[in-house]
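Peer 1: Chains as they are written, first to last, in the numbering used here: chain A, 23 to 275; chain B, 647 to 954.
The set of hints was computed from the structure by calculation and includes no laboratory data.
Among the hints, erroneous ones may be present.
Said to hold, decoys possible - Partner residues aside, some chain A positions facing chain B, computed with beta carbon under 10 Å:
{"hint": "1", "residue": "Trp29"}
{"hint": "2", "residue": "Ala30"}
{"hint": "3", "residue": "Ala37"}
{"hint": "4", "residue": "Tyr112"}
{"hint": "5", "residue": "Ala117"}
This one's a predicted model, so the numbers in the text were calculated from it and none came from an experiment.
We put the CB at the ideal spot given by N, CA and C, even for glycine.
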Amino acid sequence: MNLRAVWAIYRMEMARAFRTVLQSIVSPVISTSLYFVVFGSAIGSRITEIDGISYGAFIVPGLIMLSLLTQSISNASFAIYFPKFVGSIYELLSAPVSYLEIVIAYVGGAATKSIILGLIILATASLFVPLTILHPLWMIAFLVLTAVTFSLFGFIIGIWAKSFEQLQLVPLLIITPLTFLGGSFYSINMLPSIWRTVTLFNPVVYLISGFRWSFYGKSDVSVGISLGMTVVFLAVCIAIVAWIFKTGYRLRN
Amino acid sequence: MPSILSISGVSKTYATGFAALKEVNLDIQRGEIFALLGPNGAGKTTLISIVCGIVNRSSGTVTVDGHDINGDYRAARGLIGLVPQELTIDAFESVWATVNYSRGLFGRPANPAFVEKVLRDLSLWDKKDAKAITLSGGMKRRLMIAKALSHEPRILFLDEPTAGVDVELRQDMWAMVRRLREDGVTIILTTHYIEEAEAMADRVGVINRGEIILVENKAELMRKLGRKRLVLELRSPLTAIPEAFSHYALELSPDGGQLTYTYDNQAERPGVASLMRDLEAGGIQFRDIDTKNSSLEEIFVNLVRREP
Numbered sequence: 023m024n025l026r027a028v029w030a031i032y033r034m035e036m037a038r039a040f041r042t043v044l045q046s047i048v049s050p051v052i053s054t055s056l057y058f059v060v061f062g063s064a065i066g067s068r069i070t071e072i073d074g075i076s077y078g079a080f081i082v083p084g085l086i087m088l089s090l091l092t093q094s095i096s097n098a099s100f101a102i103y104f105p106k107f108v109g110s111i112y113e114l115l116s117a118p119v120s121y122l123e124i125v126i127a128y129v130g131g132a133a134t135k136s137i138i139l140g141l142i143i144l145a146t147a148s149l150f151v152p153l154t155i156l157h158p159l160w161m162i163a164f165l166v167l168t169a170v171t172f173s174l175f176g177f178i179i180g181i182w183a184k185s186f187e188q189l190q191l192v193p194l195l196i197i198t199p200l201t202f203l204g205g206s207f208y209s210i211n212m213l214p215s216i217w218r219t220v221t222l223f224n225p226v227v228y229l230i231s232g233f234r235w236s237f238y239g240k241s242d243v244s245v246g247i248s249l250g251m252t253v254v255f256l257a258v259c260i261a262i263v264a265w266i267f268k269t270g271y272r273l274r275n
Numbered sequence: 647m648p649s650i651l652s653i654s655g656v657s658k659t660y661a662t663g664f665a666a667l668k669e670v671n672l673d674i675q676r677g678e679i680f681a682l683l684g685p686n687g688a689g690k691t692t693l694i695s696i697v698c699g700i701v702n703r704s705s706g707t708v709t710v711d712g713h714d715i716n717g718d719y720r721a722a723r724g725l726i727g728l729v730p731q732e733l734t735i736d737a738f739e740s741v742w743a744t745v746n747y748s749r750g751l752f753g754r755p756a757n758p759a760f761v762e763k764v765l766r767d768l769s770l771w772d773k774k775d776a777k778a779i780t781l782s783g784g785m786k787r788r789l790m791i792a793k794a795l796s797h798e799p800r801i802l803f804l805d806e807p808t809a810g811v812d813v814e815l816r817q818d819m820w821a822m823v824r825r826l827r828e829d830g831v832t833i834i835l836t837t838h839y840i841e842e843a844e845a846m847a848d849r850v851g852v853i854n855r856g857e858i859i860l861v862e863n864k865a866e867l868m869r870k871l872g873r874k875r876l877v878l879e880l881r882s883p884l885t886a887i888p889e890a891f892s893h894y895a896l897e898l899s900p901d902g903g904q905l906t907y908t909y910d911n912q913a914e915r916p917g918v919a920s921l922m923r924d925l926e927a928g929g930i931q932f933r934d935i936d937t938k939n940s941s942l943e944e945i946f947v948n949l950v951r952r953e954p
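Go ahead and model the full structure; you've got the sequences and the hints to work with.
Peer 2: Next comes the structure, spelled out in structure tokens:
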């Protein structure tokens, strides 16, 4: 295992995040604060609580997931797309590194960044609402698992994308709607039964539900199913990445 | 001398059906400077990309110092440094960070003293904290070389290293290539500038339409394929070449003052002596005489033209 290469890539990726600290850290914190103002204060004054949890506190896990998913995808997809775009990927392809090492380094870097971001949002949220975390280890487990899974997904998008437009396509047209409709700001039990059934096809529901359970012990679907669905999605992403590397898809022609 | 790079039966056909390389066989000797010449689209970059692991080959085998580039890719790639044709650098990284990154990527432990030496040798030390985007084109080219040398490779590929580079930098690069060769590094360069190959290379390979059409020791090549020219400065200009000289390959300059005879210096009877005799007999007098070897460029152009 070329651990030095993994470390070199990882460190480079982290350095990029610190170089663009405004975009990486400050902007998500500001947008989270705005969500609290708009949803927490304006809507929260009408919906006092859901499942016995104050509305402001209820939306915290969903908000963290929203940022975690979008940031994991954009971090990882950009990280691998950019060298492809400028051509500097030649160096990575000509280096004595295995595909596994490339994935560990890039996905590890992207996931670390989004986990740090998730924790910053959590800290920001705690300034607005009183938070309880009943299962902190599970909370961390969901955080890490989701960050890794979606960083992997982002990596796939970054390899697949042939233009900046394609790079934005999936996060914008699929992930953001799925997150908003995945129970970030409401309990899916509040929906009419037919829409509740439809919503169950949205994988993000399981992520948010499981994550919220780790905070408040309440969930829309059972924790086991949440965990299972996340692991399934992770396995699908790993399988796709394995196929990409086996065939050299859009990397080596 | 054992070869350090062995390419055997390598072909590459792209998905579009374009055959970029056809059954290429090539052995590069340890410690030599090898110039790969060929017109645009001949397959030079494809061949280098295959050896370096950037492009998958369709068939054939490549070994680097005995290591198969697939089966033992870590050992093979670790020996190679590549300076690609295009200036492709992460624009927002500092010179220092990006060169150290390259070293790490190739699995080498951090060695600030060595990286400093590389940067100093390439006159980049003053720019070590500058971001790549702020560097001039020539400086970027040096940075690409620094990255390629950061992991102390034993084989260095220079793909069109002096394209778009000013004269001073070109001289610097040639000096650097010679220094590397003295350290035992094998250098393979592709170039459009024939004088570059002529000045630098030990051996020359010519590739055209995906096929290696010739590999030869440079001096031998020039001796074998070189044609010589005998230039005569005439005492009084001629209006036309006299009929009696029609069996000689003679050319008259537009002003009629210079007569050029082109001949094969390997031929048993190059015809110089008889020409001299005939000129004297014909009363054509000359005041000066000069002979020239044909350049590698002429040899190259002739070779490539000869192909169907």
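Peer 1: Run every hint past the structure and note whether it holds.
Peer 2: Outcome of the hint check:
1. Trp29: holds (6 Å)
2. Ala30: OK, holds: alanine 30 (chain A) within 10 Å of chain B, min 3 Å.
3. Ala37: At 7 Å from the nearest chain B Cβ, alanine 37 (chain A) passes the 10 Å test, so the hint holds.
4. Tyr112: holds (5 Å)
5. Ala117: holds (4 Å)
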